[in-house]
Each structure stands twice: as C-alpha cells, then as structure tokens.
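Protein chains: 2
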Amino acid sequence: MSAVRGPITIALLGGGTVGSEVARMLLGNASDLEARIGAPVRLTGVAVRDVAKVRPGIPADLLTADAAALASSGADIVVELMGGIEPARSLILSAMAAKSSIVTANKALLAADGATLYAAAAKNDVDLYFEAAVAGAIPLLRPLRESLAGDTVRRVLGIVNGTTNFILTKMDEQGADYAKVLAEAQALGYAEADPTADVEGFDAAAKAAILAELAFHTRVTADDVHREGMSSVTASDIEAARAMGFVIKLLAVAERVDDGVIVRVHPTMVPRTHPLASVREAFNAVFIEADAAGQMMFYGRGAGGAPTASAVLGDLVAVARNLTSGGRGPRESVYADLPVLPVGDAMTRYYINLEVADRPGVLASIAQAFAAEGVSIQVVRQDGHGDDAGLVVRTHRATDGALSRTVERLRTLDTVKSVLGVMRVEGEATP
Amino acid sequence: MSAVRGPITIALLGGGTVGSEVARMLLGNASDLEARIGAPVRLTGVAVRDVAKVRPGIPADLLTADAAALASSGADIVVELMGGIEPARSLILSAMAAKSSIVTANKALLAADGATLYAAAAKNDVDLYFEAAVAGAIPLLRPLRESLAGDTVRRVLGIVNGTTNFILTKMDEQGADYAKVLAEAQALGYAEADPTADVEGFDAAAKAAILAELAFHTRVTADDVHREGMSSVTASDIEAARAMGFVIKLLAVAERVDDGVIVRVHPTMVPRTHPLASVREAFNAVFIEADAAGQMMFYGRGAGGAPTASAVLGDLVAVARNLTSGGRGPRESVYADLPVLPVGDAMTRYYINLEVADRPGVLASIAQAFAAEGVSIQVVRQDGHGDDAGLVVRTHRATDGALSRTVERLRTLDTVKSVLGVMRVEGEATP
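Those protein sequence lines, which keep their order, are chains A and B.
Number 249 in the working numbering belongs to position 249 of the first sequence; there are no gaps in the numbering.
Number 367 in the working numbering belongs to position 367 of the second sequence; there are no gaps in the numbering.
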C-alpha cells in the first residue's frame with residue numbers, strides 16, 4: 001500500500017469533554033506531533049449535535065452537524081468519540097469503507113460487537129485502535145495486543161471501574177456504609193445520579209468483554225459476562241475482610257481454562273499484599289498473568305477528559321505513523337474461537353460468613369456440607385458464643401458450581417441460622 | 001516500501017538463557033505466531049560461542065560460531081541477545097546496513113550509545129525494538145514510545161533493579177542488616193557474587209538513561225546519570241523510615257525541569273501509600289507522570305529468562321507485522337536536544353537524622369542552618385534526651401543543592417554530634 005505524503009487529515013466525531021480535549025491537544029501540540037509522526041496533522045472537522053454552542057479551543061468553522069458526511073469524507077483518520085452503539089457503528093463502518101483508519105473510545109460498541117469492527121478493519125485494510133475504551137489513559141490494550149503477542153495470556157484481573165473502586169476505598173477507610181459513601185461519591189462527581197451502570201457492574205462487564213476478546217482471540221460480548229454488582233457489599237463484609245488481611249474490590253476476571261474462556265465481574269476479596277489491593281480511590285489497574293512474562297500490572301487513571309484524550313492522542317499518533325510509513329497496526333481477530341463457559345466451571349475460592357447455633361455438633365454438620373460437595377476448607381474462625389455465634393470459613397480452590405452448591409446446602413442446615421456473607425476470593429498464591 | 005511475502009526470516013545472535021528461550025518459543029509457538037503475524041516465521045541461525053554445546057530445543061544445524069556472517073546475512077529480523085557494547089554494536093550496525101530490522105535486549109549498549117542506533121535505524125529505514133532492555137517483561141517502552149506519543153511526560157520514577165529491591169524488601173520485613181540480606185540474596189541467586197553493578201546503582205543508571213532518552217527525546221547516557229548506590233542503607237534507616245510511614249527504595253528518577261532534564265539513581269524514602277511502595281521482592285515497576293494522562297504505573301518481572309524472552313517475542317511479532325504490512329514502527333530521535341542538568345538543580349526533599357546535644361538552643365541553631373539555605377522544614381521529631389538525643393527532620397521541597405549545603409552546615413555545628421542518615425524523599429503530594 002502507498003504511504004501518505006503531506007498532512008494527515010483527521011475527522012472528529014463528537015465534541016463532548018473528550019472530543020474537545022482531543023481537538024485542543026491536536027491544535028495546541030501540532031509541532032510536537034509533527035516531529036513524532038514525521039508529517040503534519042490537519043483537523044478537517046468536528047461533528048457535534050449543536051453547532052451553535054461555543055467550544056473553547058475549537059474554531060467554529062470546523063464544527064458540523066452532519067456526522068455521516070464527515071465520517072465518509074475520506075479523512076486519513078476518523079476519531080469516533082460519540083459513544084453508544086448506533087449511529088457510532090454505522091458511521092465507523094462507512095468511514096472504514098471510505099478507507100479511513102479508526103480511533104475510538106467506544107466501550108459499549110466494542111463490547112457488543114467488536115468482532116464486526118475487527119473484520120471490517122481487516123477487509124478494508126485500515127487500522128482500528130481503541131486504547132481509550134478500557135481503563136482510560138492506562139496503556140493497556142497496546143501491551144496486550146503487541147507486547148504479549150508472542151506469549152500466552154492465562155488470566156486478566158482488573159479494577160476497571162473508578163466509581164466502584166472509589167466507593168469501596170472509602171468504605172474501607174471510613175468503615176462507612178455503602179449508601180453514605182455513594183452519596184459522597186455523587187456529591188464529588190465520582191458517581192452518576194443513577195449509579196446503576198457502575199455499581200451493578202455493567203460498565204466493568206463491557207470492559208471485561210473487550211479485554212477477554214483481545215486476550216483470548218475469541219468473541220466475547222458483554223452478555224457473555226457473568227455479572228454481580230457491589231451495591232450489596234456491607235460495612236461488615238469489609239470489616240470481616242480486613243480482619244483476615246483482605247480488601248474487597250469489584251474485579252473483572254477473564255481467564256483461559258482448559259477448554260474455553262470464563263469472564264466474570266463480581267465483588268472479590270483480595271489479599272492486602274496483592275498489588276491490586278493498593279489501587280485506591282478512582283484509579284484503575286489491570287493485572288495480567290502470562291505463561292512466559294509472569295505477572296504484570298498496569299495502573300493509572302481510568303477516566304476523565306484529559307487522561308482519555310491522552311489515550312486517544314497516543315492512538316492517533318500510532319495510526320498516523322503507520323500511514324506515513326505505509327504500514328498497518330496489529331490486526332485483531334477471533335481466530336481462536338474458544339467457547340465461553342458458565343461461571344460454574346470457574347475455579348475459585350469462597351469466603352462464607354455464617355451465623356450458627358452454639359451447640360455441640362454444629363461444626364461437624366457444617367464441615368459435612370463442604371465435604372459432600374468435595375470442597376476443602378482452608379481457614380475456619382469461630383467468633384463469640386451463645387446466640388451470637390459466628391463462623392467464618394475460607395475454602396481452598398474448587399469449582400464455582402461446587403462452592404455455590406455448598407452454600408445452598410448450608411442454607412438448609414438447621415444449625416445455620418443465616419448466611420451473612422458469601423464472596424469469592426482471588427489473588428492468593430495457588431493452590 | 002514493499003511488504004514481505006512468504007516467511008519472515010529471523011537470525012539470532014546469542015544462545016544464552018534468553019536466546020535459547022526465544023529460540024524454543026519461536027519454534028514451539030510457530031502456528032500461533034503465524035496467526036498473529038499473518039506470515040510464517042523461520043529461524044535461519046543462532047550465533048553462539050560454542051557450537052559443540054547441546055542446547056535443548058534448538059536443532060544443532062542452526063548453530064553457528066560466525067556471528068558476523070549471520071548478522072549481515074540479510075535476515076528480515078536480527079535479534080541481538082549477546083549483551084555488552086562490542087561486538088554487539090558493530091553487528092547491529094552491519095545488520096541494519098543489510099536492511100535487517102533489529103530486536104535487542106542490550107541495556108549497556110543502548111545506555112552508552114542509543115542515539116547512534118536510533119540514527120542508523122532511521123537512515124536504513126529499518127525497525128529498532130528493545131522492550132527487553134528495561135524492566136524485562138514489563139511492557140513499558142512500547143507505552144512510552146507509542147501510547148504517550150501525544151502527551152508530554154514530566155517524570156519517570158522507577159524500581160528497575162530486582163536485586164536491590166529484593167534486598168530492601170527483606171531488610172524492611174526482617175529488620176535485618178544489608179550484609180546479612182545480601183548473603184541471603186546471593187544464596188538464592190538474586191544477587192551476583194560481585195554485586196557491585198546492582199547495589200551501587202550502575203544497572204539502574206543504565207536503565208534510567210534509556211528511559212530518559214525515550215521520555216524526553218534527548219541524548220542521555222549512563223555517564224549523565226547522578227548515581228548513588230544502596231549498600232550504605234542501614235537497618236536503622238529503614239526503621240526510621242517505617243516509623244514515619246515510609247519505605248526505602250532504590251529509585252531511578254528522570255525528570256523534565258524548566259530548562260532541561262535531570263536523571264538520578266539513589267536510595268529514596270517513599271510513602272507507604274504510594275503505589276511504588278507495594279512493589280516487593282524482585283519485581284520491578286515504573287511510575288510515570290504525564291501532563292494529560294496523569295499518573296501511571298507499570299509493574300512486573302524485571303528479569304529472568306522466560307519474562308525477558310516474552311518481551312523479545314512481543315517485539316519480534318511487532319516487527320514481523322510491520323514487515324508483512326510494509327510499515328515501520330516508531331522512530332526515536334533525540335530531536336528535543338535538552339541539556340542534562342546536574343543533580344543540584346533537582347527539586348526534592350530530604351530526610352535528615354541527627355544525633356544532637358541535649359541543651360537549650362539546639363533546635364534554634366539547627367533551624368537556623370536550614371533557614372540560611374532557604375530550606376523549609378516540614379516535620380521535626382525529637383527522640384530521647386540526655387546523651388542519646390536524636391532529631392529527625394523532613395524538609396519541604398528545595399533544590400538538591402540547597403539541601404546538601406544545609407547538611408554541610410549541620411555537620412559544622414557544635415550542637416550536632418553526628419549526621420546519622422540523609423536520604424531524599426519522593427512520591428509525596430506536592431508541594
């Protein structure tokens with residue numbers, strides 16, 4: 001293919017927080033960008049909903065309301081920052097058909113239909129970069145797509161939602177309840193008025209799907225992800241975790257198992273000595289285990305206009321360099337085509353917090369429930385006595401199916417008054 | 001330029017631990033690599049010192065003792081894993097002249113003369129990748145070279161030497177002396193019989209030079225790096241750090257200042273809440289601050305055959321993809337050409353531990369020494385009394401020059417019996 005000579009033209013779809021910041025950085029850092037790319041860049045237009053609105057740093061004559069025309073205008077690079085599935089998908093596909101390379105931050109679209117975009121990029125021989133779609137400014141997808149391209153990824157553990165990590169950090173620091181901390185997070189702008197997408201794990205599940213698709217070269221959509229939110233985590237769960245040397249994080253877990261892939265999002269107990277445990281407030285981090293490289297972690301700002309814009313600019317520079325050299329970036333495909341297996345097949349450990357009767361034979365009956373499902377107990381701790389007797393159990397590794405069946409058995413025992421808490425445990429040294 | 005069709009040919013210089021592992025991964029993962037690259041790869045030869053030695057996983061007919069002939073054989077990619085400055089530099093330059101792209105892990109060469117390699121790669125229009133040269137398997141250089149290409153890096157703080165981090169971790173955990181822990185590290189294979197390159201900071205200084213050159217697009221060699229080793233760190237320094245909520249790390253610091261660049265390696269006190277504080281044992285991590293992206297950290301295995309081989313393979317796949325698509329990876333240059341300034345110009349904070357006389361006016365005379373150099377005190381703590389009086393001071397930010405002149409003034413005071421410890425403090429929130 002022929003290399004572009006002369007300026008690299010860029011069309012921007014979306015003029016919100018991130019789009020405006022990208023436009024400002026493109027216009028403001030032009031000479032640095034030219035030095036790094038080897039050619040000047042030229043912004044040809046910014047598609048916005050309201051062309052009458054003044055956007056500081058963006059010349060008014062670049063604004064247009066006709067996104068479709070701008071998308072298919074044949075710019076060297078089309079940057080899609082509108083979000084949502086449609087019309088973003090149609091605009092990206094029409095841009096690729098016009099031989100434009102794509103930079104996007106569109107998490108929802110990639111999680112719903114990444115494979116279609118991968119295939120269209122390959123068919124039209126254009127680049128598709130989307131670093132900003134997962135974990136904002138953290139350069140994470142590039143290492144996964146490129147640095148680890150010669151290795152085999154086994155497992156990805158991510159704190160990929162800043163809102164829930166902020167809430168869990170404050171609950172841990174203050175011993176406060178979920179509701180109180182959520183209100184504080186909303187007041188500070190870390191949580192939306194309707195926090196469902198964050199606290200129920202929808203946002204993390206979309207990111208988990210994108211990570212799993214890249215890590216395992218297998219089609220994974222947000223609907224394939226087992227999802228449990230963190231709104232039911234209580235101050236006493238966090239206190240119990242602390243007493244055992246753990247913190248609670250909302251983790252996205254994507255793992256390769258013998259015959260497939262399992263992807264899940266749920267509150268998780270993590271040892272305080274694990275690198276993910278020290279990821280605080282609204283920061284994100286993704287921990288990766290690969291056969292040869294071993295354990296790695298990537299940490300940084302997961303959201304915000306400037307960090308996300310930085311990730312978009314990094315992608316823009318990479319695509320522009322490819323264009324000036326006549327090359328192409330990494331091609332993704334779902335060639336491995338592994339089955340996505342149910343969460344019941346995952347190997348994990350449980351923490352189980354029980355209120356029990358205080359009489360002879362209680363521990364024996366409970367131990368019997370674990371044994372019946374072939375689940376081995378790692379730690380058991382009995383607190384108090386009389387009517388308040390509490391029993392905390394941490395298990396060894398077993399399938400999630402066997403562990404959840406064990407919990408169902410415990411619920412039926414007359415020695416168990418109630419199951420106060422159940423949570424998966426990740427990040428301990430195996431087994 | 002034309003894209004390569006048919007197999008990508010690879011010549012390997014060096015058959016040591018990493019070289020053998022790379023050869024085995026190339027031969028063993030061939031079908032996966034072909035899927036990811038879009039073309040098969042073929043290993044054409046492995047240059048070794050002793051062709052008679054059996055190397056499991058490498059067919060004997062690939063071995064050659066003639067590194068010069070293999071380097072200039074015109075393979076698509078030459079992988080240099082011999083280490084050292086010569087003959088590695090000459091071999092790489094002759095390979096580039098034969099239009100071979102280069103993958104290398106050669107830290108010493110890049111730290112001594114990276115700019116020559118950058119220029120030769122540009123002149124010959126070939127790729128030069130060297131992810132494995134710094135922090136082993138951690139995908140760090142690729143983000144720095146590519147993801148942050150549209151941003152401005154201000155500061156890089158790195159734990160880039162696993163041996164010294166292992167020693168400092170054990171000293172912190174066990175309260176043990178340097179000499180005892182060094183002996184343990186040597187027994188475990190984490191430290192060499194002659195540990196000078198690690199404990200005196202030479203290894204970290206080489207990596208700091210490479211990071212600074214990439215981050216600031218400015219020629220920085222190992223000789224430009226202000227270097228202080230960690231062999232003088234005592235158990236009581238670590239105890240004092242712990243009492244204040246800090247840990248001691250050997251940090252590589254590369255920073256952009258108003259009118260230049262400063263690069264330094266020295267033992268440093270870091271707050272326990274800082275992400276670098278939780279990097280334990282032989283792990284490495286690099287913390288980066290950029291204008292738009294904010295704070296980021298990259299964590300993983302800094303050394304070892306398999307992790308380093310993973311990084312080399314990732315580079316190999318990237319270069320091979322560039323070759324199949326007809327493109328080129330990022331070009332480095334030292335275009336910014338900033339001056340490298342002396343450590344005295346760096347803004348930092350000091351921790352100073354003094355044994356003082358216990359009589360009226362001592363604190364006043366000490367405070368006067370700080371004031372005379374314009375250094376502001378952040379925390380002062382007086383311990384004990386009588387002959388054992390100790391005074392610990394942490395300063396606010398000041399130039400390293402003013403801080404070290406303050407220490408010289410303290411040494412001359414008759415109220416100061418001795419200066420027990422002086423260490424820089426990094427990673428606190430400014431100012």
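FYI, nobody ran anything at the bench for these hints, they're computed from the structure.
Computed from a prediction, not measured in an experiment: that's the story for all the values here.
All C-beta atoms, glycine included, are put in the ideal place defined by N, C-alpha and C.
Where hints are given, some of them may not hold.
Subject to a maximum C-alpha distance of 35 Å in a straight line, what follows is the list of computed DSBU-like cross-link-like pairs (lysine-lysine) [as the list claims (entries may be wrong)]:
1. K99/A x K180/A
2. K417/A x K99/A
3. K180/B x K417/B
4. K99/B x K99/A
5. K107/B x K53/B
6. K99/B x K123/A
7. K123/B x K123/A
8. K99/A x K123/B
9. K180/A x K107/A
10. K123/B x K107/B
11. K123/A x K107/A
12. K99/A x K123/A
Covered by chain B, according to a simulated footprint, are these stretches of chain A (three or more residues, beta-carbon under 8 Å) [claimed, not checked]:
13. 86-95
14. 135-144
15. 301-307
- Message: Against the 35 Å threshold, does the CA-CA distance of K99/B and K99/A hold or violate the hint?
- Response: holds, 30 Å
- Message: What's the verdict on K180/A and K107/A, does the C-alpha distance respect the 35 Å limit or exceed it?
- Response: Distance of about 29 Å is within 35 Å: holds.
- Hint consistency between K99/A and K123/B [alpha-carbon to alpha-carbon, up to 35 Å]: holds, 30 Å
- Query: Residue count check for the region 86-95 of chain A against chain B: does it reach three with CB-CB under 8 Å?
  - Reply: With 0 residues close enough to chain B, the hint is violated.
- Message: Just to be careful, I want the Cα atoms of K99/A and K123/A compared with a cutoff of 35 Å; is the pair within it?
- Response: It holds: about 10 Å lies between the C-alpha atoms, which stays within 35 Å.
- Going straight from one Cα to the other, do K417/A and K99/A come out at no more than 35 Å? At roughly 65 Å apart (the allowed maximum being 35 Å), K99/A and K417/A break the hint.
- Query: Between K107/B and K53/B, does the CA-CA distance stay at or below 35 Å?
  - Reply: Cα-Cα ~26 Å, so holds.
- Query: Taken at face value, is the distance from the CA of K180/A to the CA of K99/A at most 35 Å?
  - Reply: Violated, at roughly 51 Å.
- Given pair status - K107/A, K123/A, alpha carbons within 35 Å: holds, 22 Å
- Counting residues of the region 135-144 of chain A that have a beta-carbon nearer than 8 Å to any beta-carbon of chain B, does the count reach 3? holds (count 5)
- Query: Would the pair K123/B and K107/B pass a check requiring their Cα atoms to be no farther apart than 35 Å?
  - Reply: Since the Cα atoms of K123/B and K107/B sit roughly 22 Å apart, the hinted pair holds (cutoff 35 Å).
- With a cut-off of 8 Å between beta carbons, are at least three residues of the region 301-307 of chain A near chain B? holds (count 4)
Hints 1, 2 and 13 from the earlier list are contradicted by this structure; the remaining hints agree with it.
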